[in-house]
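So the chains spell out like this:
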Amino acid sequence: MSILNFLIHVMIMAGIYSILALSLNFQVGFIGLMNFGHVAFFAVGAYTSALLTMAGYPFLLGLFSAMLLAGLFGFIISLPTSGLKEDYWAIVTIAAGEILRLFLLNEQWLAEGPFGLRGIPRPLASLFSENYSLFYLVLVLLFVAFTYFILEVLIRSPFGRVLKMIREEEALASSMGKEVYLFKIRGMVIGAIFAGLAGSLYAHYMTFISPDHFMPIETFLIWVMIVIGGRGNNIGAIIGAVTIESLYVSTRFLKDYVGIPSDLLASLRMFMIGFLLVIFVLYKPEGLVGEKRRSYKMRKRC
Amino acid sequence: MLRVEEVHKSFDALMALNGVNLRVEENSITGLIGPNGSGKTTLFNVLSGFYAMDSGKIFFREERIDALPPHEIAKKGVLRTFQITVVPKRMTVLENMLLAPFGQVGEKAWRVFFSQRAIRRQEEKNIEKALGILQDLGLVDLKGEYSGNLSGGQQKLLSLGRALMADPEVILLDEPTAGVNPTLIKKLLGFLRELRERGRTLVIVEHDMNVISDLCDIVYVLNNGEVIAVGSPEEIQRDKMVIEAYLGGRKDAHSGNK
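From first to last, the protein sequence lines are chains A and B.
Under my numbering, residues 1 to 302 are what the first sequence spells out, in order.
Under my numbering, residues 303 to 560 are what the second sequence spells out, in order.
Bear in mind the hints are in silico, worked out from the structure with no lab data behind them.
These numbers come from a predicted model, not from an experiment.
Every residue gets a Cβ at the ideal spot worked out from N, C-alpha and C, and that includes glycine.
BS3-like cross-link-like pairs, simulated, lysine-lysine; straight-line CA separation at most 25 Å:
(1) B:K410 / B:K377
(2) B:K377 / B:K359
(3) A:K292 / B:K410
(4) B:K431 / A:K297
(5) A:K85 / B:K391
(6) A:K297 / B:K391
(7) B:K378 / B:K427
(8) B:K410 / B:K378
(9) A:K297 / B:K410
(10) B:K391 / B:K431
(11) B:K427 / B:K377
(12) A:K292 / B:K391
(13) A:K85 / B:K377
(14) B:K391 / A:K284
(15) B:K377 / B:K431
(16) A:K297 / B:K427
(17) B:K410 / A:K85
Now the stretches of chain B that chain A is said to cover, found in silico as 3 or more residues with beta-carbon under 8 Å:
(18) 382-393
(19) 406-419
Using the sequences plus the hints, can you model the full thing?
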């Protein structure tokens, strides 16, 4: 693998994880929903898109359905849980993620169980034979920009203001006439939709997915990204995703250069990321770029 | 305007409200006093829908509101503030204010993208209104500050300002002067009186008898979850039972309660 191809690979993965980090940040950083099962929406998106395109449907339909189904899954999960306090919400979302993964592992009729799905078609593969990954990188970056734009507009709107109030003081939000659980459900669904988008992009890039790709550790990684980047700041989420994902992917190739066996390297990698997390939580809890204060344009000065 | 009939509320063995009756007339300031643990804040929590009561009825404009959740009661026009100031730490003073108005177009997620102009117009109008209220409360210079950074007294004022942004008909104020400095209290009282003049109805929980007699048209005295006296501030201050239950024990009454 040439160094350029490798860089492109890192950037594609960083882009996909940026979308995941942005969507988790929307829930965690702005609404205060302690979602520890984010990987579930990622998985729903990946499997939906893979199954549809393998059945011959076009990529865009797969992508759209991935977002729709992931959003639906978010809706279903949040229905019984929207009244729960944040710690309980965390437990329920972990459970939901694991239930989905175990389902995918044990079913045979839908997606080959533990063997996973192979040969997921790549969109427009015939047009870009030589530099396909470059095309895919552009595609991913476009979707990162799209996700960033949509979430940023939402956060800066009156809708986003209510979300922030729910994060800060739930009782106050309801005393001001805001129907808290409806906002939480919407937040869960919106975050899930974009995680589904990331899932679809992931499936078509990897061309192979299996339940092993959707372990709870993925959610943990996305959490580390937003904690290091800065909760409540979308730029921070992207910076965190790029940092962690570059670190994660590039150490995989370190074994060629240093004499460390690969299984040891894998543990070492998680150790490094865990260490980084501890450092940040202790010394820079607001992350690399913290939340920005919202200012409003005034028509006249006073 | 607001009528409370035979409200009971108990926490396990503790009878917090034991058949409370209360009438709040339109365009008046009603005071609620009583020793710590007499049920004042519990009554507020029941009125605003945060606690479900065991039995009784609550009417607002002849309509029962006692089974409604907090946000529904707020939207009907009965808004409360909290005794222990509940403050969103990482939101600016102005954001606090802008959050309050009901029925904002931009609170619906999809309209954020399709009704940009209507949202902008509404925001501009609300910003102007917010700045006016902040000016009255002396908070206008702090509009860009995180509300978590304000002093306790300023947070009290902000919670009143936030309530006013929603144009409620009735405001339930839980110890609005606690932690506010004396000069500001004077200003605040003038402000509350002005609100009554402008047609608002206020219910105030307060420990300071000076504030009560200065402000209130009618005072209810609670003790052990029961109304032990009703009357004008002058009548209340002469009432033997009140003196015994409350005013005699004023020293204790000043320490914080929950």
